[in-house]
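Visitor: Each chain, letter by letter, is given below.
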Amino acid sequence: MKYLKLLITFVLTIGIFFVLNTKLGSIPPIGKFLNPYSGVWQNETDESIFGDIKLPNLREKVTVHYDEQLIPHVFAKSEVDLYKAQGYLTAKHRLWQMEFQTYAAAGRLSEIIGEDALNYDRQERRRGMGFGAEKAVEAMKDDPETMSYIQAYADGVNSYINQLDPKNYPVEYKLLDYKPEPWTIDKTALLLMYMTKMLAGGDSDMQYTNALRLFGKERFDLLFPDFFDITDPIIPKDTDWSYIDVPQTPNPNSQIVLDSIAEVIDRPNPDNGSNNWAISGSKSYSGNAILANDPHLGLNLPSIWFVMQLSTPLQNVFGATIPGALGVISGFNTHISWGETNATRDVIDWYKIEFNNDGTKYKYDGKWQDVTYRIEDIKIKGKKNYKDTIRFTHHGPVVYDKNFKSENEKVGYAMRWVGHIGGNNQKTFLDLNKSKNYEDYVTAISHYTAPAQNFVFASTDGDIALWIQGKLPNKWEGQGKFIMDGSNPDNDWQGFIPQQFNAHVKNPERGFVSSANQHPVDESYPYYVFNDGYETYRNRVINNFFNSKAQFSIEDFKDLHNNNYNLKAAELVPHMLEQMDVSDLTDEEENLYNEIKDWQFNNDIHEVGPSIFRQWYANLYDMLWDEFDIENTVLDKPFNYQTVFLLKNKGDDAFMDIQNTPETETAKDLFLLSFKKAVKRLVDIEKENGNYNWLTYKATYAGHLLQALPAFSRFNIPIGGDKSIVNATSENHGPSWRMIVEMTSPPTALGIYPGGQSGNPGSKYYDNFIDDWATGKYHKLNFLQSSSPTEAIISTQTLNP
Amino acid sequence: MNKTIINFIVTIILAYILSMFMPWWSVMTAALATSLFIPLQKVAVFFVPFLAILLFWSIYCFVLSSGNDYTLANRIAVLFPLSGNPYLLIVVTGVIGGLAAGITAMFGKQLSLALKKN
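Same order as they appear, the protein sequences are chains P and H. Residue numbering for the first sequence follows my numbering, starting at 11 and increasing by one per position. Residue numbering for the second sequence follows my numbering, starting at 18 and increasing by one per position.
Isolated chain H, as found in the complex (with noise of 0.2 Å):
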């Protein structure tokens, strides 16, 4: 398995234990260990966490709100306001997921580089 898809993985499964005893933002601190110990390269850095976490809360979103015929989903997504539709309140709230973990990481492969190079 090339390293891609290592941190990938290893960013939700960290992601996912982090976040049983961990605030919201658990997602940071998984993308900062990948990116610490599984370190990727240009776009990547960004891109791969960003999609990992992107996933892992769109698919749980998902799967909490699906059960529930999206009863509050769909008023917070008159709430915020993304004209009432569900699927856009999914997808946004993989994306603030997903950027909170890709800027993260990014911030975590400069550490990585400053500690080398010392």
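Bound conformation, chain P alone (with noise of 0.2 Å):
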């Protein structure tokens, strides 16, 4: 009996052991994660900000003072101290984060999460970002420079890492129950990637290959215009373009492959965009020329930016830093201040591949070619390793084959990328944020190769400037925006447009510089630029607004970046209204109808206008698109200038027909079906919430980096906008990082984002920018001028070697 039970015992303990000592499903080691002496208890604190730390290998003491909003202004004495004690900084505030980003770069989510992250980390294998990170650290070799700042930055990173005592880890690697592992030069390299993905990663090679096969080029060419009937390009229209002497790719008039295909591989959020702008000194209240910044991304907590102020006697550098990459990305320094907004471009094709029968060489000028492999060996928690094969031709890596998303044996597509060739992209931001003028700039952004981006640019000597900088395919009429035949040289990228002859504008007569994600050029611009997803509502809002004034202040900078104009539903709402029949109008129907003929197409908060008109267009849309929902086919809906296009101007057009009805119905048909549903759904969410005002329709919300874990994460953020409207807020994304510089000596800025400079959910400091960015206010970025604290100091640490 008494043995019986001591086993019973024994089991109980060793069962409770267990229990509590194990990840169980999504559930995290209770007891691990709940003590209060190495549990997220722990964790229950802000950030030290005080006193002296060892930092080993520094060369002389680094001193960081913070302001009230947490933010480091860091004072070292050469850049290799600067860019380490930037990586120790940065990971004292991210450490998580930044290590997360660079998992989810490299395809190993598989590591931390288990199995239910395999088919993301074999898509992101196959689309090559570990080949092209490669490529990217071959390419920075080539300068020692920045290698030894890389460096010097991981080494900070690790010296954090290492000093860190496991009860200290951040909540995040405590509920997955993993540890951070060593920082390297690659993870800085997959975080660039990272960044390339987001923003140069995506196509629509296969979507539009089907709808030409589906509706034919007439019909194609109507849906899909390579530039709309209205365009504001970034580079004004009448731009001399008789400097370029190098032509652009003569036309082979290759045979287009029309295959049909079922599915692809993720692409980045369409949304992700921006808004840039600067005005000249004669158009500014004060004579100094002003600039502004606000990145469109998701809007995810952490957040993706960190701002800091990097000094060294060489350079003086303030704005948003990238957890994981060196310097400043967008800021400002003692004489120039710059802005990126994305500058998209077709830099990714598809090229079928024909196998021979074993698989091992591919047809190419009408010989065959031996394949490469790529074996990518994916670590999965609790699992044994899956081994995926990858296989490259020259063009790049065969994404798609009869192991991914393929059946045919012999058939596979393989990917030509921008973001494969490698190249130094760190550099350009390093050298920007040492720049002191015009030719500074332009020196410092000629290598940057990927993802292209509008770089705006403003200094105190007055100048403003915008260039649309990447490393760009030359290509020929119509290159890359359907699948082409890999086995043809012609099909190939036959070379790249002399980055010299890269689009840009400096000091033009009209006095400003604005891009948001616009067409980058006008048709005149002599190299081969399609529509590739360009917006083209923000931009003519941006531009109009300083087309309808002789001088701007920063209160102007500020409405402007808060404007909630929703252009697209006034160009197409009155139309709607005038042509809708509403005799048959039901008492509830003919409410809404009223609500939305009353509103003046501001998208705030209060106002049901925007609901109304969002849930009308979505049916209306769908309605219009029925043509386009065909099962395993992927394709793309035209985009939405093109669609109120059609609806205005061709409402007879066959597309109008919903097919699955006897009848025919036009473009005011639809009108009044759209309307009648949407009133349905608003009037269930009235039931629901209680309202559809904006604001509840909307319910914006900071998700955190784990599928936005609601305890992490912030919900209905009283902000306005939306997606086409220059305050770009939508549900879950909008302006990533707000900032308005006057380039005054030295400049004056001001600069907000929806978060906060700590990582830890348990800090104040994790949040708290969120209600004065949604209210549309800004923070004064004290710039510091000398190593001397002011009184917006509120502590000092100083790193000591």
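Incorrect hints may appear among the rest.
[Unchecked claim] Stretch-level coverage of chain P by chain H, calculated; a stretch enters the list once three of its residues show a Cβ under 8 Å from a Cβ in chain H:
| hint | region |
| --- | --- |
| 1 | 19 to 27 |
| 2 | 34 to 42 |
| 3 | 54 to 67 |
| 4 | 712 to 726 |
[Claimed, not checked] Anything over 10 Å on all C-beta distances counts as not near chain P; from chain H, calculated:
| hint | residue |
| --- | --- |
| 5 | Thr-21 |
| 6 | Ile-26 |
| 7 | Val-27 |
| 8 | Phe-64 |
| 9 | Val-109 |
Honestly, the hints are just simulated from the structure, not real lab data. For glycine and all other residues, C-beta sits at the position ideal for the given N, C-alpha and C.
Got two chains here, separate frames each, mind docking them using the hints?
Guide: Here is the structure:
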């Protein structure tokens, strides 16, 4: 009996130990996770920002002042020390995030999360993320100076990791039960690839090929024109291109490959974009140039940005950094300011590959060429590794083949991507941080490869400029819009647009430069550019604003950042209201009809107009493009601008018909049908949530990087705007950093982002900017001119060798 | 002082000392030790170490969390979910530690009986 009791209590003891010490499904190991001396309770604190810290291998001491926003102002004596300190401080505030993003980039999430992430990991590896990062490291190796800084940054991160007691690991490590690994140069390269994927990782070749096959060339061109009927490009229309003396690649008139493709890899959010603009002294209230930037990205916590001041005797720079990358990405120094918007261009092309019988060779120029192999060994938490063999052609990785999203043994599709070329993109930012004038800026960006960006510029000298910079293939007319035959050498990229011929503008007569992801140029630019999902609304609102009066103040800049004018609605709603047959509306429908009729097209939070429009347009869009709902065929529906254009100008087109009704609908019928459907849904929303004003309807949130884990996210953020609006805040996407810099000497700047400087959900600095950001407020950026603290500084920490 | 109180106090002190260099299961080790060297009877075998560790962990959590406005506790109480109530999370934490200690003490008691009678 007593041995039985002994046995039972022994089993119970082992049992409770096991249960509390093991991660079970998504439940963390409860004992490890909750105990007060090494579990999450230890994270219930702000970061320490006082005292002296030992940072091995520093050359000299580094002073770090914190202001009340927890922005570190770093004063180092050398660049090596500066980047070591940047790595150390970024890790101190954002370790989990910076590491997690590199796992996501490399296709290593299965190591942390388990088998659920395997398909994601395979996809990222087949996309060539690791391959591209390796190429980038090769390119960076040609520049020992850059390499030494990236190594210093890595050393800084590792010093932090080595000092870190496991009880102080960020919460997410405890939640997922793993620990940080050493930081390496490769991780910085992977982080840069992550950005390249986010901003230049999308294309529509497969979708367009399917549409071309289904609808024919004439209909395709109607739906997807290279240029819309109006353009307000980044580089003004009247630009003289006669200095360009390298012609566009001549069209070889290759045969089009009309394959049918069922499924493709994930594409980045098409709303990833941004606004930037700068006005010259003549348009500025003070005579100083003023610059603004607001990159539109997913609204995540911890935020993608970490703000810092980075100072050495040779540079003093301030702005938004990206954890994992060196230097300031969007910011200003003593002499210049700069910011980026995404300059999307079709930099991904797909080639149909014909394999020999055993799949070891592929056809090219009438001969069989050997494929090369890359074996991806994917570690999976709690399971055996998964090995994926990826075949490479000279075009790039064969992403789709019999092992991945395709069944044909002898056919594959290879990807040619500018992201695989490699390039020292880090150097551009390091050099921008030090630039003193327009010439320095042009030199700094000249070796920038991808993701192509619209680099806006303003200087204390009074210059403003904007270069569209990236390595961009010089394509023949139509090249890469559809899948190409990979065996025909004419279809290869024949070269790149020479860097000096990338479109740019300096000190234009109109007194301002701007970009909002619209068409970079108009048809007169001598190289082939077609619509790569260009924005058509924000740019016009911005340019109209700057054409509307003679001079602009900082207040005007703030107003424009927070401008909620819905140009798309303004161009469509009056037409729909006028055309729609209202004779048989129910009382309910009439109410909503009157509500949207009264709307002045501002997407403010207390309006109901934006909600009615959004719901109405979404239903209309789906009814109109029902021809695109075909199983096992990937298709892109036409862009909003062309949709509105067709609704207004070709209301009788056959596309207007809803296919599964006996009647033949026109645009006018669709307006009514979609309106009735929208009313129904909005009434339901009112029943569920009490109202359908824009605040409730949109319910903007900033989601934690782990699938918006509610505990670490912020919901129902009261901010207006939407996609295609200058304040581009939709549900989970929007202005991820807002900056305004006036080029006084030294520059005076404002900035804010929807997050906080700390990555720790237990810190009050985790999300403390969100409320101010939502109401359109800014924080003054305290640009220290020397290492002595000012009254803005709340604490000082010294890093000692 | 009676044995109950001694066991209670020694369990807390031992758990505190061991926690400085052992993982979370130091509370199990502490309870095992006191159950062997300061034996109790009947329900006290379980409840004394249970309450000792419940108190120790809860107070420790309370001190850490109240000093930071319960910022993280509020969030973790959404994660589990405990309707966002940080005090409930503190109690749950204490109960978990207490359970581990109490069960181990029951085993310790049986072990001491088995050892003694041989």
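Visitor: Was H/Val-109 rightly flagged as not at the interface, with every chain P Cβ beyond 10 Å?
Guide: violated, 8 Å
Visitor: For the region 19 to 27 of chain P, do three or more residues have a beta carbon lying closer than 8 Å to a beta carbon of chain H?
Guide: holds (count 6)
Visitor: According to the definition I'm using, a residue is off the interface if its beta carbon is farther than 10 Å from all beta carbons of the partner; does H/Ile-26 meet that for chain P?
Guide: holds, 19 Å
Visitor: Would you say the region 34 to 42 of chain P counts as covered by chain H, given the rule of at least 3 residues with C-beta under 8 Å?
Guide: With 3 residues closer than 8 Å to chain H, the region 34 to 42 of chain P meets the three-residue bar; holds.
Visitor: Per the stated criterion, does the least C-beta distance between H/Val-27 and chain P lie above 10 Å, as a non-interface residue requires?
Guide: holds, 18 Å
Visitor: With a C-beta cutoff of 8 Å, work out whether three or more residues of the region 712 to 726 of chain P approach chain H closely enough for the coverage to hold.
Guide: Our answer is that it holds, as 4 residues pass the Cβ test (under 8 Å) against chain H, meeting three.
Visitor: Should the label of H/Phe-64 as a non-interface residue stand, given a Cβ cut-off of 10 Å to chain P?
Guide: With a cut-off of 10 Å, H/Phe-64 remains clear of chain P, as the shortest Cβ separation is near 15 Å.
Visitor: Please check whether the beta-carbon of H/Thr-21 is more than 10 Å away from every beta-carbon in chain P.
Guide: It holds; H/Thr-21 is separated from chain P by about 20 Å at its closest Cβ, greater than 10 Å.
Visitor: Between the region 54 to 67 of chain P and chain H, are there enough contacts, at least three residues with CB-CB distance under 8 Å, for the coverage claim to hold?
Guide: Held - the region 54 to 67 of chain P has 3 residues with a Cβ nearer than 8 Å to chain H, which meets the minimum of three.
Hint violations for this structure: number 9 only, all remaining hints satisfied.
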